[in-house]
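2 protein chains.
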Amino acid sequence: MADVREQLVSKSVNTLRMLAVDTIEKANSGHPGLPLGAAPMMYVLWQRHLRHAPAEPSWPDRDRFVLSAGHGSALLYAMLHLTGYDVTLDDLRAFRQWGSRTPGHPERGETPGVEATTGPLGQGVANGVGMAIAERALAARFNRPGFELVDHRTYVLAGDGDLMEGVAYEAISLAGHLKLGKLTLLYDSNDITLDGPLSLSFTGENVAKRFEACGWQVLRVEKGDTDVDAIDEAIAAAKKETGRPTMIEVKTTIGYGSPHRQGTSAAHGSPLGVEETRLTKEALGVDPDDTFHIPSDVADHLGGAVERGEKAVRAWNDLWEKYRAAHPGLADEWDRAVKGELPGRWDEAIPAWEGGEKIATRAAGGDVLQAIAAAVPSLLGGDADLSGSTKTRIAEEDSFDGVTGAGRNLHFGVREHAMAGVCNGLAYHGGIRPYCATFFCFSDYMRPSVRLAAMASLPVIYVWTHDSIEVGEDGPTHEPVEHLMAMRAVPGLTVIRPADANETAEAWRAAMKSDGPTALVLSRQKLPVLDTKRFAPAEGLSRGAYQLADPPGGEVEAILIATGGEMPVAVAAWEKLIGEGIGVRLVSMPSWELFDSQDDAYRESVLPAAVRARVSVEAGIRQGWEKWIGLDGVAVGIDRFGASAPGPENREKFGFTVDHVAEAVRALIGAGTA
Amino acid sequence: MADVREQLVSKSVNTLRMLAVDTIEKANSGHPGLPLGAAPMMYVLWQRHLRHAPAEPSWPDRDRFVLSAGHGSALLYAMLHLTGYDVTLDDLRAFRQWGSRTPGHPERGETPGVEATTGPLGQGVANGVGMAIAERALAARFNRPGFELVDHRTYVLAGDGDLMEGVAYEAISLAGHLKLGKLTLLYDSNDITLDGPLSLSFTGENVAKRFEACGWQVLRVEKGDTDVDAIDEAIAAAKKETGRPTMIEVKTTIGYGSPHRQGTSAAHGSPLGVEETRLTKEALGVDPDDTFHIPSDVADHLGGAVERGEKAVRAWNDLWEKYRAAHPGLADEWDRAVKGELPGRWDEAIPAWEGGEKIATRAAGGDVLQAIAAAVPSLLGGDADLSGSTKTRIAEEDSFDGVTGAGRNLHFGVREHAMAGVCNGLAYHGGIRPYCATFFCFSDYMRPSVRLAAMASLPVIYVWTHDSIEVGEDGPTHEPVEHLMAMRAVPGLTVIRPADANETAEAWRAAMKSDGPTALVLSRQKLPVLDTKRFAPAEGLSRGAYQLADPPGGEVEAILIATGGEMPVAVAAWEKLIGEGIGVRLVSMPSWELFDSQDDAYRESVLPAAVRARVSVEAGIRQGWEKWIGLDGVAVGIDRFGASAPGPENREKFGFTVDHVAEAVRALIGAGTA
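Sequences listed follow chains A and B, in order.
Using this note's numbering, you'd call the opening residue of the first sequence number 904 and step up by one each time.
Using this note's numbering, you'd call the opening residue of the second sequence number 904 and step up by one each time.
No lab work stands behind these hints: they were computed from the structure.
Zero decoy hints are in this set.
For identical chains, the list gives no copy identity; a pair is met inside one copy or between any two copies.
Here are the simulated DSSO-like cross-link-like pairs (lysine-lysine), alpha carbons at most 30 Å apart as the crow flies:
no., residue 1, residue 2
1, K1126, K1112
2, K1530, K1556
3, K1261, K929
4, K1112, K1082
5, K1429, K929
Only a predicted model underlies this, so the values are computations on that prediction, with no experimental measurement involved.
Using the sequences and the hints given, assemble the complete structure.
Structure below.
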C-alpha cells in the first residue's frame, strides 16, 4: 500500500512537472527550471496543507499562496488546472498568447486562483507579508468567542533572486518584527540564477542566518527534489510555530530531470526544446510521446481538492450563518469589508474649512483621515517613519500588533518599498482598505510596487507629502521636482494634488471611491483656503480640473492653470490681471487623470480649443504641460533640481511670483506690462 | 599628561557637538540628534584614522568618508571646518541658506570634502561599497611591486534608518560577497528613529547577526557617547581584518547632552531651541554664552589634519614621480583615468553596420561595448543577473574579484537598486567609468539612485534593454510603457533610444563623452539597419533629433517622428505616404535632452513651427509627446500596460502598423485614405 501511495505521489509530481514543461514547449517561451525543481514542494503544499476551494476561488477564509518567483507561472497554472480551478488544458495551450488567461507571469484578475501579480522579483514576498497582516487585522476585528471566522495562513514561494532584492529583505524584517506566525516562506534554493551559479554574486551570505537575524524560524529540507515527506514535515512544523514566521529552505535542482540542463542556468529561462523534453520525460518515467498528459489516478488524486474545498466552504458557511445570527452588526460590516464597500454616510464627518484660514494640505489631510478612519473601520495603514510629518497617524488607534491584529497604525519603519508591496498584499487579501505615507521624494523607492498596484488595479491610497521645493532647507535630495510628471506617467494611477484644505477633503473622497490606486500629493507649507464666495467650490475636483473663476466681463482671452501649492500665486496673478482688464480664466487642475476621464464637451468647456494663450503654474518640471498648453503656451515650472533654502525663498528664486506669472500671461496675449 | 590629553579629546568632541548645534540653531533648521550622538566616532575616525588632506580634497589616494545618514550634515560641516577644509565659520552660519556651500544634506560638488550626495536613506551605504570596489579595481590596474599607488580605505557612517532600507541590505550583501576588506561601516545605533523608539518597527531584527550572515566582521562599542578609546580600538581592529568588511555597532544616545531631548525622537530632526541649547552646553561643560566657539587648543589639535595631510600627499607625490619614471605608460593612463579623460582614438574600433542587416540594438550595444572596453580600461560595470540578455558582459574580461580587484565584469546579483548606488560610488571615487545594465522595466528599482546620479552629475551609463511591448511573452510586468517618459522627467539624465545599430554606436559615443548620467534604451527585437544611401547618417544622433529623410519634392506638409524600435514602421509609413505624393518629413528623435540642448535655429530646422501636422510613433505612453506635436498633432502610443503575447503580435494589436501610422498622417492633413 505504501508503495502504491508513494508511486502516486511521484507520478503526481512528475505530471505536474511535465504539464508545466509541455505548456512552455507549446508557447516556445517560458521558464522550465523552477517548475521542474519546485514541483515537489508545490505538490506537498497544495495537496496536503493549503486550505483552498478551487470552485470558490474568492472564499474569504482560504489560505493565500503567492508565487513570488512569478517566472515559474507554468507550474502554478498546471497546479490550478490539476486541482480543479477554471483553468483548462486549452488555457495551458494558450500560455503566453494574446488574450489568454495564462499570461507569462501571473496576473491577478486574469486567472482564477492567482492571488497576486508577480514577476518583478521580491514583490511577492512583500505581498505575502501584507496578506498575513490582513489576516490578523480581520481576525481581531471580526472573530468572536466560538467564531473563528478568520483563520488562515499565507504561503510564499520564493527563489534566490527574490531574496536578493532589497524589497524582500525589508518585508522579511517587518514580518519578523510583527511576529507573523501564520506566514510561511518556501525558499526554492537551487544555487542558480540567470547569469549562472549563485556563487557569482551571492556567496558571502548565509540566507538562513539572515532570516534568523530577522526573527524567523528557519527549517531546511535537504532533498527537495524527491523527499516529499521532509517537505511535509517542515510545513507541519511551520504551522506549529505560531510566534514567528517560518522560512523553509528547500534545496532543489533547477531543471530537475532534464539530462543536459538540470543544475545549470540554461534550465532557467528557455524552453527545453523537443529533444530535451523527450529526454526529460524519459528520465522521469513519463511517456515521451504524450504531451499535456494527465494520468487518471493523478487527476483523481489532485482533483480531490475540489471536494475538500467545497466541504471546507460549507463548514465555513455554516459558521458564517450562525455568526450572522449572533452578531448581525458585525456581519453587515464583514459583508461591506469583503465587498470593498463603504459604510453609509462614511464621509459625513469630513471637515470643511472657511475661506481665509491657512492650513497645509498635509495637515488638512490628517484631519480628513481622522474622520474617515472613524467611519470606515476597514481603513488600515501607516507610514515609513515619518508620521509626525505626514500627519497620517490615526489618533484614536494603537499601533498595529502583529500577534493579536489589534491597532490600525502600521509602523512600516524606514522601508518605503516594502510598505508599498505590503499595501498591495493588504489590498489583494481583501477586507482592508490600505493607505501609506512618506515624503513625495521617496515615492521613488516605492515605484516598482506602485506600478504593480496600478497594473492589478488595487485601491491603495498613497499619501505623499512635502511635495515641492517649498520643502525648503532639507534641499534638493528631499524636494520633488520630477515626481508629479513621473507618477502621472503610470497608467491606472490617479494622481491628485489639491490646492487647499477643501480640495484635500475632495481628494480623499475621490480616493476612497476609486477602484484603483490614488496618490494624494500634499504640501508641507500652509496654504490659504479658497473663499467659496469668490471661487468655485472644491467639489469641482471630482472632474479633475474646473474653472475656479472667470474674468468679470466673461470673455476669456487667456487661461491660467495651477495645481496644489502654486494656487496662491496663481490667484494673486489672476486678481492682478483682471484688475488690468485682461480676460483671464483661472483653472484649478488637481488631477490630470480625472480630467482625462471626462467627456470632450466638459474638457472643452474648461479649456476651449480656441483659447491658446495658456499658462500653467506648477512647482515641477515644465515638460509634460504641453498636453494642456500646447506649443503656444507657457509653463511656469522648474527644470532643475531644487535647493536648500527656506521655502519662501525657494519659491521666489524659482520664479513662482505674482509678477512672473502675470507677465507670462501678458506676454502671451501681447498686453503691455502694467 | 593623560588627563590633559583626555580633556582635550573630550573638549574636542564637545566643540564638534556644539559647533553643529550652533550651526543648526542659526539656521533654525536641521538635525541635532545625530551630531550630538555621533561626534565621538567622528572625532576618533577623523583625528586618528582617516588619511585625508584638507588642503587637497581631491588627492586620489585619500580615504573616503561617506555620511550615509546625510541629515547629520552639520556634524560633517563642523568637522570639515575644524580640520581645515575650505569651509569657513561664515559657511556654517549660512547653513541651509540659498547659495551656501552648506546645504541641508551633503551635496557632492558644493562643499570641499563632501564625497557623496546623501540624505535619501541607504544610498550612502551603496556609495561606500562602490568606492571600496573602485579602490580595489584601481589597485589591481595600477599598483606595481614597490608602488602601492592605490591603498586607501572607505568609511561609511550610517544610522538605523539607513540599515532598514533595502538598498543598504543589497549593498551589504554584495560587499560581503566581494570580501571588501577595506570597507568599514560605523553604525550609529541609538534605538531611535523619527517616529519614536526603534521598537515600533525594528525589534525583530538582530542587525549585528544580519551583517554576520552577510559575511562581515562585526564589532561593538558599548559606550559610544564617551568611550573614544573603545571606538579607536574597534576601528583599529577593522583595519586589521583584511579578508572581509567590518561593521562597528556603536551604541550612542541620540541628542546626547541635551537634558530634555536626549534619548528621544524629539532630538532627531528639530533644532534644540535657545534654552535647550544653553542647557546642553552647560551639561557638556561648554560656556552657554559662546556660540560658534572653538577653543584654540581644539583648533590646533584638529587643525593638525592639514599638516598630516600635506605630509601624506608629499610622500604620495614622491612615490608618484618615481612611478611615472618607472612606468610611464601606466602613469599616462592613470592621469587620464583620474581626470576622467578618454584615451586617444578610443572609439576607432566601434563597429559600423551596413544598411539592410538586422540586429537588435541590445546586441549592437554589446558589440560596441566590446570595442569601447578594449580601448578604455577605466570602463567597469556589470549587470543585475541578466547579462546574457542585456549583452553587457565584457567578453575578454573575468568576473570582478573583490580581493585582488582584477576582472572588469561586476556581477551585481539581482540587486538593481544597489547596482545603481554602487555605480554612483564608483563614479564618486574617480578613476572608473561605470556602466550597469538590466531590463528597462526594472529601472524603477534603481530610480532613487539614478536621481542622485543626475543631481551629482555622475557619468554613469545605464544600459536598459527590452524596452517595449516587443518584450512579448513575458508580459506587462516586464514591458516598459511609462518608463521612457518617467526617465525623461529626471533633470540632468540624458535618455537615448537609438533606432538601429549605427544609432546605438552613436549613443554609446554620446554617453562616453557626457559629464552626466546617460541611459541607453535598447530593443530586445531585431531592427533593420537604416540604409545611409537613402537616409541621413546616424551621426545626427548627437543633436538629439534629425531629419532622416525629406519628401522628394522637398515641401514638408507633415512630420513623422519616431524613436527606437518604432522606426521600421515609421519608415514604411513614410515610404507609403511619399508614394502617395504626400510631403512627409521623417525625423529620428533618439534623445529629447540632446535635442533640447541645441539652439533654437537647429530645432526650428528640424521641426519648423509652421508645420503643425505632426505624428509621433513610440511604444510608450502618449502623454508628454505634446511637447513636440502640440495640441494639433497625433501621438501613436500606448496608454495602458502591455500584454503577454509574441512581440510582433503585440506590435500589431497596439497599433504600431504601417496603415495606422500612415492614416494618422493623412487624417491630420486632410488627405483621403489611399
